[in-house]
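Peer 1: Residue numbers (numbering that gives the first Met the number 0), protein chains in the order written: chain A, 0 to 371; chain B, 0 to 367.
These aren't lab readings, by the way, just hints derived from the structure by calculation. There could be a bad hint or two in this list.
25 Å max Cα-Cα, derived DSS-like pairs, lysine-lysine [to be verified]:
| no. | chain 1 | residue 1 | chain 2 | residue 2 |
| --- | --- | --- | --- | --- |
| 1 | A | K18 | B | K359 |
| 2 | B | K197 | A | K18 |
| 3 | B | K167 | A | K172 |
| 4 | A | K44 | B | K359 |
| 5 | B | K197 | A | K314 |
| 6 | A | K172 | B | K359 |
| 7 | A | K314 | B | K359 |
Keep in mind the model is a prediction, meaning the values are calculated, not measured.
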Amino acid sequence: MRTILFIIQKEFLQVFRNKSMLPIIFILPIVQLIILVNAATYEMKNIRVSVVDLDLSGTSRKLVSKFQGSPFYLLKNSSFSYKEAENKMKQGKIDMILQIPMGFEKKLLTESHANVQFVINAINGQSAGLTNAYSTMILLDYNREVLIENANPSMLGGLRSIQTDYSYWYNPKLNYKTYMVPGILVLLVTIIGLLLSGMNIVREMEIGTIEQINVTPINKIQFIAGKLIPFWLIGMFELAFGLSVGKLLFNIPMEGNLGLIFLSASVYLFVILSFGLLISTITHTQQQAMLVSFFFMVVFILMSGLFTSIESMPKWAQNLDRLNPVMYFIKIMRMVLLKGSGFADISPHFWSLVVYAGCSLSLAILRYRKVS
Amino acid sequence: MKRFRGFVIKEFYHIFRDYRTLLILFGMPAIQLMLFGYVLTNEIKDAKIAIYDPSNDVITRKITDKILSSGYFILERNLSTVDEIDPVFRQGEVKLALIYEPGFAQKLEKTGRARIQIIGDASDPNTANMLVNYATGIISNFLVSMNSEKVPYQITPEVRMMYNGELKGVYMFVPGLMAMLLMLISALMTSLSITKEKEMGTMELLLVSPMRPWQIIVGKVFPYVFLAFIDACIILALGNMFFGMPIIGSISLLLLESFLYICMALSLGILISSITNSQQVAMMISLVALMLPTILLSGFIFPVENMPVIMQVLCHFMPPKYYITIIKSIMLQGNGIEYVWRETLILMGFTAFFLGLSIKKFNIRLTS
Numbered sequence: 000m001r002t003i004l005f006i007i008q009k010e011f012l013q014v015f016r017n018k019s020m021l022p023i024i025f026i027l028p029i030v031q032l033i034i035l036v037n038a039a040t041y042e043m044k045n046i047r048v049s050v051v052d053l054d055l056s057g058t059s060r061k062l063v064s065k066f067q068g069s070p071f072y073l074l075k076n077s078s079f080s081y082k083e084a085e086n087k088m089k090q091g092k093i094d095m096i097l098q099i100p101m102g103f104e105k106k107l108l109t110e111s112h113a114n115v116q117f118v119i120n121a122i123n124g125q126s127a128g129l130t131n132a133y134s135t136m137i138l139l140d141y142n143r144e145v146l147i148e149n150a151n152p153s154m155l156g157g158l159r160s161i162q163t164d165y166s167y168w169y170n171p172k173l174n175y176k177t178y179m180v181p182g183i184l185v186l187l188v189t190i191i192g193l194l195l196s197g198m199n200i201v202r203e204m205e206i207g208t209i210e211q212i213n214v215t216p217i218n219k220i221q222f223i224a225g226k227l228i229p230f231w232l233i234g235m236f237e238l239a240f241g242l243s244v245g246k247l248l249f250n251i252p253m254e255g256n257l258g259l260i261f262l263s264a265s266v267y268l269f270v271i272l273s274f275g276l277l278i279s280t281i282t283h284t285q286q287q288a289m290l291v292s293f294f295f296m297v298v299f300i301l302m303s304g305l306f307t308s309i310e311s312m313p314k315w316a317q318n319l320d321r322l323n324p325v326m327y328f329i330k331i332m333r334m335v336l337l338k339g340s341g342f343a344d345i346s347p348h349f350w351s352l353v354v355y356a357g358c359s360l361s362l363a364i365l366r367y368r369k370v371s
Numbered sequence: 000m001k002r003f004r005g006f007v008i009k010e011f012y013h014i015f016r017d018y019r020t021l022l023i024l025f026g027m028p029a030i031q032l033m034l035f036g037y038v039l040t041n042e043i044k045d046a047k048i049a050i051y052d053p054s055n056d057v058i059t060r061k062i063t064d065k066i067l068s069s070g071y072f073i074l075e076r077n078l079s080t081v082d083e084i085d086p087v088f089r090q091g092e093v094k095l096a097l098i099y100e101p102g103f104a105q106k107l108e109k110t111g112r113a114r115i116q117i118i119g120d121a122s123d124p125n126t127a128n129m130l131v132n133y134a135t136g137i138i139s140n141f142l143v144s145m146n147s148e149k150v151p152y153q154i155t156p157e158v159r160m161m162y163n164g165e166l167k168g169v170y171m172f173v174p175g176l177m178a179m180l181l182m183l184i185s186a187l188m189t190s191l192s193i194t195k196e197k198e199m200g201t202m203e204l205l206l207v208s209p210m211r212p213w214q215i216i217v218g219k220v221f222p223y224v225f226l227a228f229i230d231a232c233i234i235l236a237l238g239n240m241f242f243g244m245p246i247i248g249s250i251s252l253l254l255l256e257s258f259l260y261i262c263m264a265l266s267l268g269i270l271i272s273s274i275t276n277s278q279q280v281a282m283m284i285s286l287v288a289l290m291l292p293t294i295l296l297s298g299f300i301f302p303v304e305n306m307p308v309i310m311q312v313l314c315h316f317m318p319p320k321y322y323i324t325i326i327k328s329i330m331l332q333g334n335g336i337e338y339v340w341r342e343t344l345i346l347m348g349f350t351a352f353f354l355g356l357s358i359k360k361f362n363i364r365l366t367s
């Protein structure tokens with residue numbers, strides 16, 4: 000036990016003496032949390048529209064003003080040339096063209112049916128889908144108005160309507176920050192933890208100081224434990240710090256039991272850190288260790304379900320994602336913080352993390368050899 | 000010049016002898032592209048829903064059918080009371096709940112009106128928003144078809160999706176992944192390779208050699224220009240072959256812009272290495288400071304236009320943003336240099352800025 004304490008003391012000294020590492024470990028992540036949370040929004044607003052109104056009738060003008068009045072749209076310019084508008088789209092200056100053909104009003108009144116065109120820049124498929132949905136909604140609304148204005152009551156008699164009300168639970172205003180803070184915090188803790196541990200042993204190998212440890216009576220388990228615990232403490236501290244920042248600055252809800260969060264976090268950090276140490280024992284230079292950690296980090300982060308939903312992945316990828324510790328922890332964080340889920344709800348994810356921690360820890364201990 | 004050539008050859012040996020790094024360097028982009036090309040999509044499909052349908056009549060069953068056959072939703076549970084929604088949401092599987100009003104069809108017949116309540120689990124606001132939109136859309140389509148023939152004065156939209164008719168997610172992810180991988184690999188590898196010489200003490204040896212400092216730096220960086228460029232080609236080729244990512248515009252312009260971007264990232268790497276002395280610090284700076292901002296502030300995942308104004312201003316300082324704009328414009332819209340000259344100039348500016356700063360910071364002696 001005393002031996003472990005000495006190693007821990009040594010690791011802490013190393014971290015705290017390195018003046019250029021301290022801000023990277025403690026300040027940079029918090030700054031990033033504060034800044035990046037603001038960037039992460041899918042919320043659509045300011046869809047830039049160019050109107051090509053070739054009809055210039057009362058009906059078409061009213062339709063345009065409907066778009067103008069919607070908070071989602073920003074009327075950029077209007078012209079009479081579709082070519083001009085398309086060129087604007089090519090330059091990336093507008094997201095959508097609303098084209099109203101010539102004779103639109105006349106056709107609507109005589110044939111009782113008319114078309115308008117939505118031309119949408121669909122490079123970002125998701126935004127395009129939403130833009131289409133919003134525009135169609137506006138048009139449907141407008142349809143109803145036109146109908147009431149022009150149709151006689153007898154025609155309206157047989158119409159049936161289904162009213163749909165929707166509500167958003169746990170986050171009624173669709174505040175993206177409450178959703179992003181826990182997620183980004185997990186990512187930051189993961190990056191720091193994985194990098195610190197992943198570079199650790201291999202660094203000693205590269206510098207040669209590992210030889211000095213190899214000739215001491217420290218055994219494998221003590222060595223790995225001594226390396227893990229300092230980073231574990233740093234990780235826990237950072238998580239707690241990040242959560243307080245989230246609470247104070249972004250007022251993220253904390254519906255569930257915080258103890259549950261920290262319980263899961265303690266297991267999760269063991270997973271990440273022993274994973275890092277494992278990388279550290281199988282690589283030979285810091286450069287390799289870093290590239291390997293980078294690879295896993297990108298895969299873990301992008302597949303974590305924070306940016307794209309896990310349900311829409313193909314089945315094989317969802318199965319593969321069971322190997323992704325970040326996914327479990329982000330789920331737990333969100334469930335407990337935002338929905339107030341209890342232990343029973345998160346237990347499948349929790350036990351997966353426990354199994355994961357056991358496996359990677361024993362692998363790291365097994366892989367570490369006291370010879371160079 | 001001969002000396003310089005010798006130095007570059009030495010650097011190439013360094014890299015090619017370390018076959019593990021090489022394997023990672025070329026394998027990583029390929030694997031990641033394949034993985035993400037198939038996995039990452041923002042499209043919704045098979046979202047699990049719960050339905051509370053007390054009347055279970057002809058019309059509610061029809062609506063349920065419509066919703067389940069859309070491909071977006073699958074039925075996870077039939078609820079027997081409204082109170083079950085909360086516990087079901089808490090377990091985390093079900094994303095949306097649909098509640099029909101009791102006596103749905105009867106009410107619709109008698110009064111011409113009936114209500115459906117849609118509840119989304121907004122602990123994931125993005126998914127909730129999309130799901131609610133889809134469900135509402137399906138129901139109003141159903142309504143239109145139910146009332147069809149009866150409604151006069153219809154304006155219908157003709158929708159044309161430009162540049163990406165099938166709304167593929169790959170079109171977003173290939174450019175984003177390129178920007179991220181090239182940035183990180185170039186910046187990381189150069190900063191590590193220079194700080195490694197410092198850490199090992201071999202930098203002293205290089206500095207006392209008859210080579211000029213700039214020759215040392217250029218020699219160090221040169222192999223990585225080459226490697227990163229190959230990586231860029233791998234990503235482009237795979238994206239094109241497997242995911243049908245088109246390259247409508249000129250390939251040579253695309254490669255030229257990629258080359259410029261790589262140079263920018265390398266000069267950033269040089270800057271990082273000139274202000275740090277250990278590999279660990281260099282790596283932490285490159286990864287911790289660059290990784291998430293490159294993912295989040297570049298338009299890779301979150302469109303820049305939707306961000307608050309301050310964040311948009313901040314995004315102007317992110318080089319990857321310009322690169323992503325450029326390659327999307329060339330690959331998907333087939334634009335020429337006349338559409339992207341501004342972004343190109345900005346990238347050049349960044350390169351010059353980073354280089355200038357690192358020349359100012361570069362010390363010919365290690366211990367001051």
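Peer 1: So, for every hint listed, does it hold in this structure?
Peer 2: Each hint tested on the structure:
no. : hint              : in the structure
1   : K18(A) - K359(B)  : holds, 23 Å
2   : K197(B) - K18(A)  : holds, 18 Å
3   : K167(B) - K172(A) : violated, 29 Å
4   : K44(A) - K359(B)  : violated, 43 Å
5   : K197(B) - K314(A) : violated, 48 Å
6   : K172(A) - K359(B) : violated, 50 Å
7   : K314(A) - K359(B) : violated, 53 Å
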